[in-house]
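Respectively, the protein sequence lines represent chains C and V.
Letter 140 of the first sequence, counting from 1, is numbered 140 in our numbering, and no numbers are missing.
Letter 170 of the second sequence, counting from 1, is numbered 170 in our numbering, and no numbers are missing.
None of these hints come from the bench; they were simulated from the model.
Computed from a predicted model, the values in this text were never measured in an experiment.
The list that follows gives simulated cross-link-like pairs (lysine-lysine, DSS-like), each with its CA atoms no further than 27 Å apart: (1) V/K179 x V/K18; (2) C/K176 x C/K150; (3) C/K90 x V/K197; (4) V/K199 x C/K52; (5) V/K238 x C/K238; (6) C/K249 x V/K154; (7) V/K218 x C/K238.
2 protein chains.
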Amino acid sequence: MKNKPLILVTNDDGADAKGLAKLIELMRPLGEVAVIASEQAMSGMSHAVTVKVPLMPRLVKDEDDFTMWITNGTPVDNVKLGKHTLLSRKPDIVVSGINHGSNAAINIIYSGTMGAVLEGAIDGIPGIGFSLDDYSPDADFSHVDEFVLKITRKVLDEGLPEGICLNVNFPKISDKPLKGIKSVRQAKARWIEEFEKRKDPFGRNYYWIGGSFVNGDKRKDTDEYALSENYVAVVPVKIDFTAHEYVDKLQFQ
Amino acid sequence: MKNKPLILVTNDDGADAKGLAKLIELMRPLGEVAVIASEQAMSGMSHAVTVKVPLMPRLVKDEDDFTMWITNGTPVDNVKLGKHTLLSRKPDIVVSGINHGSNAAINIIYSGTMGAVLEGAIDGIPGIGFSLDDYSPDADFSHVDEFVLKITRKVLDEGLPEGICLNVNFPKISDKPLKGIKSVRQAKARWIEEFEKRKDPFGRNYYWIGGSFVNGDKRKDTDEYALSENYVAVVPVKIDFTAHEYVDKLQFQ
Numbered sequence: 001m002k003n004k005p006l007i008l009v010t011n012d013d014g015a016d017a018k019g020l021a022k023l024i025e026l027m028r029p030l031g032e033v034a035v036i037a038s039e040q041a042m043s044g045m046s047h048a049v050t051v052k053v054p055l056m057p058r059l060v061k062d063e064d065d066f067t068m069w070i071t072n073g074t075p076v077d078n079v080k081l082g083k084h085t086l087l088s089r090k091p092d093i094v095v096s097g098i099n100h101g102s103n104a105a106i107n108i109i110y111s112g113t114m115g116a117v118l119e120g121a122i123d124g125i126p127g128i129g130f131s132l133d134d135y136s137p138d139a140d141f142s143h144v145d146e147f148v149l150k151i152t153r154k155v156l157d158e159g160l161p162e163g164i165c166l167n168v169n170f171p172k173i174s175d176k177p178l179k180g181i182k183s184v185r186q187a188k189a190r191w192i193e194e195f196e197k198r199k200d201p202f203g204r205n206y207y208w209i210g211g212s213f214v215n216g217d218k219r220k221d222t223d224e225y226a227l228s229e230n231y232v233a234v235v236p237v238k239i240d241f242t243a244h245e246y247v248d249k250l251q252f253q
Numbered sequence: 001m002k003n004k005p006l007i008l009v010t011n012d013d014g015a016d017a018k019g020l021a022k023l024i025e026l027m028r029p030l031g032e033v034a035v036i037a038s039e040q041a042m043s044g045m046s047h048a049v050t051v052k053v054p055l056m057p058r059l060v061k062d063e064d065d066f067t068m069w070i071t072n073g074t075p076v077d078n079v080k081l082g083k084h085t086l087l088s089r090k091p092d093i094v095v096s097g098i099n100h101g102s103n104a105a106i107n108i109i110y111s112g113t114m115g116a117v118l119e120g121a122i123d124g125i126p127g128i129g130f131s132l133d134d135y136s137p138d139a140d141f142s143h144v145d146e147f148v149l150k151i152t153r154k155v156l157d158e159g160l161p162e163g164i165c166l167n168v169n170f171p172k173i174s175d176k177p178l179k180g181i182k183s184v185r186q187a188k189a190r191w192i193e194e195f196e197k198r199k200d201p202f203g204r205n206y207y208w209i210g211g212s213f214v215n216g217d218k219r220k221d222t223d224e225y226a227l228s229e230n231y232v233a234v235v236p237v238k239i240d241f242t243a244h245e246y247v248d249k250l251q252f253q
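Bound-form chain C, shown alone:
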């Protein structure tokens, strides 16, 4: 059946992550699945690309309608390899995740999960990043199935406008069922970093990054608000850094 959709699956927690296994399991009934995953965890890799060393993908699974490569690259590299080299045709969709940890609000800019999806969007491939608000490697994903399927089926059936992809975040599992799906905007929240300073055995200082997440954006049309109300938060996103409202105001005599 050549009319099955080709689904490119990747993530940023590495090939062994529980969230990736969950996403593969959910995608397999929907089409031909090609997984291109990073050997190492790539959290915080954002839209990084590998330019210093070559990419070395290894084919580790080659079954009917299911192939899997493991690479030394970043999530963005994985999508580039898929789009241009490893796959026999252009994927119909890029799905990434399910990330262990939220990519709502400002987290999107640090996110390898969303980097992969945005890289697909650059070439007009619809994409969805799925993330769960739970950093644990053993996170419980059992409440997300129907929503992952519903959103993916919708995008496969209807597509997305050119250049737009979806940033989908799930609340951590609780004893209350999820209330549904909300289309919202990225909250203006940020991290207040605090570095933990230590001394190595030679007396040199080193620093572990840490910090706390602060949401100063209290309006109700945001991803953070939707998550806090136990909704699945979907932000349609695109790549355009221009502050359009300021282009004409910026004058250099």
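Starting from the known structure of chain C, fit chain V onto it as the hints suggest.
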């Protein structure tokens, strides 16, 4: 003089890059300069942050109004370290570059140079990324001085709106003088990747990333057009991935 501005300087080509030396030279008369630069080249690192290993900054220069650290981190890590740990006060401005290579159009999303500047903007620190449309390590920066100074002085004097920073790109030097500065938007151009496939001595495939840059956006209000006309292209940028025009259209019954 405690009222000198504190200027945080970084880049993504590493501490030894010619473009960084140029930027330091231009900034020193403008205030107190603190350089936090990556030991290794960090091209293509985008907004990546280091989470797997701790950061180890080394103080390599400590003079009047001039300090310099070299780190094992990314450009974004360098700004985080500056904002929160290494500097005695919040910087008045973040300047990054001068990058060897253009960061106009889609290049901004892969750019460590602009990652650093955007990281400052998250905390309300005005910032400017400077990039030259010439990848050569020996690139000639001699035509940019007056423009770097003019743009930096303007931002130091007037500030920028909260969350906005500037992506400044210079044409490669030619026998014609630069025509001036244009405030423009990010062009909708992209890379068409082509991987070069090779075999290692053990018969395994590996791939070097390559490709060509294609600008399908022919309107005249873009950074690419300004550069092609020998202007300095300035795009005011901000972090908001939301495709606002699509939030209300996206319905999940």
